[in-house]
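A.B. asks: Spelled out, the chains give:
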Amino acid sequence: MRSELHFDAVVIGGGTAGLTAGIRLAQDGARVCVLAKGHGSTHLAPATIDVLGYAPDLVTEPARALEELIAARPDHPYALIGSEVIADALTWFATTAADGPHPGYGYTGGLERNLLLPTALGALRPSALVPETMAAGERSQLHRVCIVGTPSLRDFHPSLCAANLAAAGIEARAVSLDLTLERADMSALGLARYFDDPKWRARFCAELSLALRAEEHIGLPAMLGLRDPHAVLTDLEHRLGRRVFEIPTLPPSVPGMRLYEILRAALRAAGGRLVLGAEVVSSARDGERLTAVSTRAAGRDLVYAAPMFVLASGGFASGGIELDSHWITHERVLGLPLRGLPDATQPPAPRFVATYLDEQPLARVGVAVDAQLRAECVENVIIAGATLPGAAPWREGSGEGIALASGYRAAQVVAGQANAKQEATTA
Amino acid sequence: MSDLAEHELLRGSLDHCVKCTICETACPVSNVSPLFPGPKYAGPQSERYRVADEPSVDLSVDYCSGCGICSQVCPQGVKIAEINAQARHKLKRQQGVPLRDRIITRPTWLGRAGTLGAPIANFSLTFKPARILAEKTLGVHRDAPAPKFAGRRFSKWAQGRTGAKTGRKIVYFHGCGTEYYEPWEGEKVVEILEHNGFEVIVPKQDCCGLPLQSSGLFDDARKVVLRLARNLAAHIRDEDTIIVGNATSCTLMLKREGREILGLQDDPALKRVSERTYDICELLLELHDRGELNTAFAPINETVAYHAPCQQQGHWVGKPALDLLALVPGLEVKEMNARCCGIAGTYGLKAEKYDIAMAVGRDLFDQVAASGAPTVACDSETCRWQIAHGTQLPSVHPIDYLHRAYGLGH
Amino acid sequence: MGTLSTDVLVIGGGATGAGVAWDAALRGLDVVLVDRQDLAEGTSGRFHGLLHSGGRYAVKDPNAARECIGENRILRHVAADCIEDTGGLFVTTSWDDPAYADRFAQGCADTGVDCEEISVAEALRSEPRLNPSISRAFMVPDANIDVWKTVWAMSHGAQQRGARILPYHAAVRIHRDGDQVSGARVRDARTGEESDIHARITVNAAGAWAGQVADLAGIEGVRVLPGRGIMIAMNHRLVNTVINRCQLPTDGDIIVPIRTVSVIGTTDQHTDDPDDHTIDQNEVDQMLDDGEKLVPGFRGARALRVWTGVRPLFEDAKQSDTDTRDVTRAHALLDHAQRDDVRGFVTITGGKLTTFRLMAEETVNAVCRQLGETRPCVTSTTPLPGSESGEHYRLGERLARKEANLVDEQVICECELVPRSKLEEAMTRTSSTNLDDIRRQLRLGMGPCQGGFCIYRATGILHGLDGLTAAQADASLLEFLQERWKGVWPVLYGDQLRQARLDDWIFQGVLDVAHLPS
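Protein chains in written order, with the working numbering: chain A, 165 to 591; chain B, 783 to 1192; chain C, 5 to 522.
Simulated from the structure, these hints should not be mistaken for lab results.
Given the structure is predicted, the values throughout are model-derived calculations rather than measurements.
To give a feel for the contact side, a few chain C residues facing chain A, derived at Cβ under 7 Å:
{"hint": "1", "residue": "D412"}
{"hint": "2", "residue": "G464"}
{"hint": "3", "residue": "G468"}
{"hint": "4", "residue": "A474"}
{"hint": "5", "residue": "A477"}
{"hint": "6", "residue": "Q486"}
{"hint": "7", "residue": "W489"}
{"hint": "8", "residue": "Y497"}
{"hint": "9", "residue": "L501"}
{"hint": "10", "residue": "R505"}
{"hint": "11", "residue": "L506"}
{"hint": "12", "residue": "G513"}
{"hint": "13", "residue": "L515"}
{"hint": "14", "residue": "H519"}
Pairwise CB distance ranges, derived in the manner of DEER restraints:
{"hint": "15", "chain 1": "B", "residue 1": "A1080", "chain 2": "A", "residue 2": "E371", "range": "51 to 61 Å"}
{"hint": "16", "chain 1": "A", "residue 1": "G268", "chain 2": "B", "residue 2": "T908", "range": "43 to 53 Å"}
{"hint": "17", "chain 1": "C", "residue 1": "D277", "chain 2": "A", "residue 2": "Q536", "range": "50 to 60 Å"}
{"hint": "18", "chain 1": "A", "residue 1": "G268", "chain 2": "B", "residue 2": "A1151", "range": "15 to 25 Å"}
{"hint": "19", "chain 1": "A", "residue 1": "V249", "chain 2": "C", "residue 2": "D284", "range": "39 to 49 Å"}
{"hint": "20", "chain 1": "B", "residue 1": "A1141", "chain 2": "C", "residue 2": "D284", "range": "52 to 62 Å"}
{"hint": "21", "chain 1": "A", "residue 1": "G451", "chain 2": "B", "residue 2": "G1073", "range": "25 to 35 Å"}
{"hint": "22", "chain 1": "A", "residue 1": "A236", "chain 2": "C", "residue 2": "D277", "range": "41 to 51 Å"}
{"hint": "23", "chain 1": "B", "residue 1": "A1151", "chain 2": "A", "residue 2": "S304", "range": "42 to 52 Å"}
{"hint": "24", "chain 1": "B", "residue 1": "P1111", "chain 2": "A", "residue 2": "V249", "range": "36 to 46 Å"}
Even for Gly, the Cβ is constructed at its ideal location relative to N, Cα and C.
Can you make the complete structure from the sequences, with help from the hints?
C.D. replies: Here is the structure:
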């Protein structure tokens, strides 16, 4: 007996792009399986949906800036996806989040205006959609703010955050609370478990109240609970009598784990399967079509066969694309051809430049696709997320936006192709 | 392969670690106890400070429960749990293994002795003074969940059975839990397989060695798993022969842990067994996906909470029980989203770790309570005993529902 | 800083200069040491970390071999805490001349380098990653030495005896009155302020920069030909023993396990400028290929960082302008009273790290000679601060410390296990806002993530401690990121590229360092 499993579509990658594609396909009635090597970007990122933050100057109106970007850069993922689909994907996501496993917790914002939220360093970072727990940190609402941290959390430094906010013209100060916790190496996740406990919150608020001044918003590192963040926020705002907001900090990301739960639950609710620990190690083709991929399971490789595949394995950060020690760049899962590589002819163009903050020549490498996000040479593989070429997510502030919109779009393309095939068969 | 060479191979995977903390988000133990600093710390991070022929200095790795979730969620392919297991092995060799660990890691000995004197054994397992004595002398926690000996052995039932002699042959690996404690689970497995047209072969078999391995007794574990592998391999007739088990942690030992953690990659018998071993739910779902599963299920109008145990997750095949249970009409399945029940095989039995194990399980126990489900389904027997202990609700193998829905109930 | 007066002014804060300061202070002399940068930021801090057994020179340069084994034995005693006793192997690979092995064994016997041939099987048992096709293997007492730790220890020891150590003070003039040197004018690199140091004797211990310092004193013909070599640090201990190719010294023939990493070295390119840190792609490829010969799979392993060091190869142009055979790796002590009739000035250059103590001893002997004083050297018997117990450093030390303080002590740099208390102590002690200085003291940010997680933390702590402005703290952070990037990008591939992208995500994404208000 050969372990071969058949699906209507197989998605490779369990980050925002892959999960979005999987959910959309499952919601469309397809039998879909998402193969994830492990947890992905969600657990590390701030969980804001940044659509377009810098182009290259600060973007205030993403809807308009997107149109300009699409016109100016036809090779950019957004140009292939189109502004309508981007807008649809955001609307869909906001609804999915609101219907998610955390009662009352949702996202706010949209494409009309970017929201500027403080980072843990006190820079103001532009995002389109943000969790409600971050909304009160928005620049336009932020006149007086108290940034609160604790020496127990090495991943957040309130005085530095406040100092930079002050430099940006916000009346900001910092408070550091000494909390007695069970260990010195505490992460935001460890603290989130405390915030899940109402009694602990009550004690925390009682202590913090002593340090507060009038009309201040309270900025805390993003740690306001995992199970029921809406209740935690409401409770804190009630007890402290003022607006409270979360500031994303170093991984692990508590809001990111919430985002993962939203997507995971939506996939399960739609009937999609998720296999965690499933690294794709080989694949089979029939001419220009991919017929199956194999994952390394315990004891043997499992074969997942499908007529359509979505590849959302990520870029250089997740190892979806890699550069080896002979300076050759590969797409790791299927060996697909890449686009955007520096010229390798002699003498080769540099892969990196010596100034850290300059754009690196390798930044926009991705799998070569057509206008339908289909991989060149393999017609039934649709590419989504950071595997797409043409974007520089961190510089543009576009990572989650591209992941979401391209995952959404990939599902449309898969469904469209399946329908086309069915019609052809019927005819 | 020598211990050192094997160690170097696993150690090499630490190069993939980008310190991203994803394993820390998933570790059941470090999230509830400061005594274990977490998989990143104990695995790829501390490994850079370990020198093969120098003594272990990081005693905290003993608090890793070996659940393996860290390796599963790691997006970079770091063999975190395996590196930790190696470090624990070295620590145990240096410190010596307590008598307790030598006893509770031998389910075959315990089972044989307990089955013979089941009434007495069961009495002493529930008799508080005896448990206090066991805690003081052996370090087995007085409140730790202890299963009852069934007083009969599954293999005896199987020998006396005249099942179907036609159909595809399938080799059944029942494990010690089914043999001594829950023979009825094995009976159900056999009846379900026969109902689906298999002829079930039950070879003579003993422990898989997992308890020994997870307590760092690698040499003993190697002997035990190889003996089992040879017993099972003798029944492999052709390339299509399948071995199926319902003890999900023991099947994982055969599939992967024996080869990767104990370094037995090259043993031919274990390799042949490893490649064709299935967990029962994995097999049934695969049959279903190919349209070969009998789906004439009668409705069961109940609610059940389902917890996928860590060792089942370690098969890296998803959660097949969830999809199988969904085939039963009327059955409302609530997926629990907790990491671990806490027991991790024998971890939660140990006096110094019992409180941690209960703290680990708390999230699951709370979710079960919140779900309102009267029963908890779970693939692994030690986890079922812990869940029953922690929730005071009955806990059963998912196949119980299939067995009932097939109308095979006794 | 006002004008200072001292017995001995040492220019150069590498191992040799610090060794001179330590030696002179132990002999009861008053010492001021200046360096244009931080201590051990030049050649000393940029080598692979090998404490030679002498085996490497046993055939080619028997005198150097004898010096090395002698110093090796002394340093194991007096600098025990800075040394990890890894032992070393010389192995004959299929690329090496098989006849060399016997010459090597003979050379070791002739020069007193302890050397024992072991079976290939035994070598492979203790080092399972070693190339199984090696044909011979010899054990020698190579070890590794933590140069930063050694230099700080000597500098602290000297300070305890009254020495004044002034990093970031560059000598801009040497005061010379006729045939007498009387000190130097130094500029504080951080404030720009200049001041004078009067000294009875000035020691030029500027290594690869010794020619430039001699020029300041108007002394001709001190020519140091800088020899540039690259080294690559691999992510973990691929080997736990120093592995040498058993052949005449050449490029890429050694892997040194030191602290948590293994370092492969090195190349040899002549350059005119000791501050030339160019890294040539071909050299990187050559190192990786050479690594593959010793440890198959080397190219698949993770490289963390590459750097260049500049060896001072001394050529005395005054003795012979044409004969390049004078270019030597042996050290050179120039007593300018004898050589040039200029009193109060001594130059020490050339040499290798293993012999820094001997070089310092000879230098201070020359100083005493000029001063007309008899003060015997005691550095061969006096342990450095921290090495009193005679216990060697062990790799597990930081882990053991963390385990002992498992729940009480906050770790800031997780890769290198730097606790918050040590970080705060170093920041307070040095009052430096330069995180790269802190890095060299504590190995902050030197592990796999190259500061990805700890540098935000360290910046936050620095800001809180020192009361910096946001702009100053941000500048420290950005400077550190740029400094790290310099050594990372030329070897950025495989696992480290994934790491670098995650770090970018943290800094440019989560923290948005590119858009700070300051």
